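Heads up: the sequence lines are chains A and B, in that order.
So the first sequence is numbered by this note's numbering: it starts at 3 and just counts up by one.
So the second sequence is numbered by this note's numbering: it starts at 252 and just counts up by one.
Keep in mind the hints are simulated off the structure, nothing from the lab.
Any given hint could be a false lead.
Estimated spans, in silico, between C-beta atoms of each pair [claimed, not checked]:
id	chain 1	residue 1	chain 2	residue 2	range
1	B	P490	A	D51	33 to 39 angstroms
2	A	D283	B	L279	29 to 35 angstroms
3	A	V156	B	L326	35 to 41 angstroms
4	B	F638	A	D51	44 to 50 angstroms
5	A	V248	B	V512	15 to 21 angstroms
6	B	V475	A	P236	38 to 44 angstroms
7	A	G322	B	L326	20 to 26 angstroms
8	B	P487	A	Q237	40 to 46 angstroms
Keep in mind it's a predicted model, so treat the numbers as computed, not measured.
Backbone N, C-alpha and C fix where the C-beta goes; we use that ideal spot for every residue, glycine too.
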Amino acid sequence: MSNEAPLRTGDDRVRAIVREIMSGTAVISVLAVVLALAIGGVLIAATDDHVRAAAPHLFTDPGGLLAAAWDAVAGAYGALFQGAVFNPNRDGLVLQLKPITETLTFATPLIAAGLGVALAFRVGLFNIGGQGQMLVAAACAGWVGFTLHLPFGVHLALALLAGLAGGALWGGLVGLLKARTGAHEVIVTIMLNYVAFYLLSYLLRTPLLQAPGSSNPKSPPIADTAALPPLLGPQFNLTLGLVLVVAATIFTWWLLDRSALGFRFKAVGINPDAARVAGIDVKRVYVATMLIAGALVGLAGVTQVLGPARAGFTSGIDAGIGFDAITVALLGRSRPWGVLAAGTLFGAFKAGGYLMQAAEAVPIDIVLVVQSLIVLFIAAPPLVRGVFRLPDPSVGTARQDPASPVPEKVSAL
Amino acid sequence: MTTVTSQPVRLVGRSWKTPIACGLFTVLATVLFIGQGRPGETTFQLSRDADLVQLPPLVAPVGATTLGLTVVLLLLTAHAVWLAVTRRRPQIWSSLAFAVAFLVAFLTWAAAGQTLPVLGLLVGTVGISVPLVFGALGGVISERVGVINVAIEGQLLGGAFVSAVVASLTGNLYAGLLGAVVAGVFVSLVLAVFSIRYWVDQVIVGVVLIVFVTGLTSFLSSTVLTKDAAALNSPPRFPAIDVPVLSQIPIIGPTFFRQTVIVYAAYVAVVVVYMCLFHTKWGLRVRAAGEHPQAADTVGIKVNAMRLWAVSIAGAVVGIGGAYFTLGAVGSFQQNMTAGMGYIALAAVIFGRWHPIRATLAALLFGFATNLQYVLGAIGSPVPSEFMLMLPYLVTIVAVAGLAGQVRKPAASGLPYARR
């Protein structure tokens, strides 16, 4: 604050600017992350053995307790950072920077699946079917990847297309059922998750998908010609998948913000009845949305099968990404670029979480707690402002509308 | 505000959903039972040795039974087609008869040459359904008052965790049950505060709460519970109690009246929730707050307070269902032990059209389909186990798409309410 500003008007202006910044969404987002990490830190400290050993001496040796708590939290979050961004303990800059490529590797499928969930949200559909769409896409892309023998490039493109088609099929089925019969998409997507899981489990026991000569329900490895090439050289796990996912983000942005179809999508999302009156074929929009959403989620399955999991996949290939995608979409407020940022953040948590679990014995489940708290706090700016005593931008103006990233029709459960 | 779409089901054109669904299943029946016909006889075991009244086992020749039932399915499909052609509404009794005929034919075919323990099938069904019933009831209460409860899974998991810890520490089952209630209410309160006070979208809070509870219980389970499992994670289990007289009725007795306290609590809960929602002043107010909050406010109902209370009660109900996992079935807490049951309960809420009794029936249907797969897996069925596992979910999709038809949610469910 510029207390020594000579002019009262200038002081006011600076105050207004500071106030603007402090009540803006960017600050709220950062503070939400800080608050979530703080609560996570309390949990880590409370469950740490050294802290619990020091706890009985709270009144005789409060410093020891504090030091133990600090050690536990700093150790855990230090490991999280080293696993996700930069690890100074490694030799050479390349290895020191490897964590950030791991973050992007984990972020790749999260962003793709997040886009699929976000697109459906914008049309007022709740796509909990990420798991099923990923599994079917992975199976299709994988089958093309290890069965056919094609030149490099063509093979990869065909496998990619097969995967996208598989995801689109599984998602489009939901849209079709909703449009034709009125079946609720929440029920259908949940049920299709299980159907896809068991279908894949079955196929992995048949010659169609099972590796020859193996008794495990696992597929053979993907042919080299179908694998996504490494983006930064063989010493990193990061693949071309990241580029595909960024392209998908641009596509989704173009679709929603620049295309006529996207305009219809958003119109249906905001008010399907008004859209119908305006001459939009709402049923066709539902089918189109779920087709595209399924393909986007399918991309997540493809980048896994042709990327990190190219040695062969099981029916657990989705690794919970289909559900993580919901929180990614929510954190990204269902905006394509927001999803990109949210997916990267969650990718960092995932990459760092594994190192934290290995080095500090803090279970990776704490990451789930922190992630969910971040989404919760970002969705409730008044709470964050209250905790940090920030000014409320709506004071003196009209009552603030609930800033919801989800159109109200999604609530039509 | 979206407009309230509440026009009654009027058939303007022909509705082909029911005939198409019936036709699909008839084709499936023809392919399976006649195309893949199996020889021998199927024995339906209706009593256990310990039962007072012994029913003789039913023996059915597989070929003749399945053929006869397939003909029945064909006739019922023809009936459905005729109804559709003459533009009349599909009839519930014929859908039910179709489902029963298909089920009996399927069981006869799948268990050919074996003995099918009908009692085991039914008793297990009730057990598996209990958390679903509690979850669905909580979902119904919550949505009726206007707050979508996606967090059923989180409430179940929270109830399971806290009940296991409390019951282990105190050695008292009812203290554990109380702990489950507190856990469910806690999750509900977060849902209520964020959706009512901060106007956060209810679906968002629900999903986030599932992730939060999953993460928190898994974290605490692998940091705290594993270090001292004997003291923290080995609760006693509810014993099965026979209800005098009722438990001696053939089939019904063992199925419904030789269960644990939690199961009996579920029966009570269904009746109480139904009576409270539809036959008390409180229930009328709850439904008013969920259907038309402005009107409710106008007549003096404090909508947001009403919502807070009802959502908390819903959480308490779901929490008891969570205790079933630890204190009723498994006997200890395991990470993510609810395994998606909350999502199924959510589906049961919608499938049951936001009505406590219909939602309970939907939950029982899920429980039956799930248990059927266990039983057939145990006696060795010709269908690959994955397809049996898929069955409950496929049945739901077909039922939701074909038989249940259009659903109408409580009009203001999901919308925050602010006085203007």
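Does the hinted range 33 to 39 angstroms hold for P490 (chain B) and D51 (chain A) at CB?
-> holds (37 angstroms)
Pairwise beta carbon distance, V248 (chain A) to V512 (chain B), judged against the given window 15 to 21 angstroms = violated (56 angstroms)
Starting from the range 29 to 35 angstroms, see whether the pair D283 (chain A) and L279 (chain B) falls in it by beta-carbon distance.
-> About 33 angstroms separates the Cβ atoms of D283 (chain A) and L279 (chain B), which means 29 to 35 angstroms holds.
Is it true that the C-beta distance of G322 (chain A) to L326 (chain B) lies inside 20 to 26 angstroms, as the hint says?
-> violated (47 angstroms)
Between V156 (chain A) and L326 (chain B), is the Cβ distance one that fits in 35 to 41 angstroms?
-> violated (54 angstroms)
P487 (chain B) and Q237 (chain A), beta-carbon distance inside 40 to 46 angstroms?
-> Given a distance of about 55 angstroms, which is not inside 40 to 46 angstroms, the answer is violated.
Could you check the hint for me, namely that V475 (chain B) and P236 (chain A) are 38 to 44 angstroms apart, CB to CB?
-> At roughly 42 angstroms between Cβ atoms, P236 (chain A) and V475 (chain B) fall inside 38 to 44 angstroms, so the hint holds.
Check the following: the C-beta atoms of F638 (chain B) and D51 (chain A) are separated by a distance inside 44 to 50 angstroms.
-> holds (48 angstroms)
Hint compliance for this structure: hints 3, 5, 7, 8 are not met, and every other hint is.
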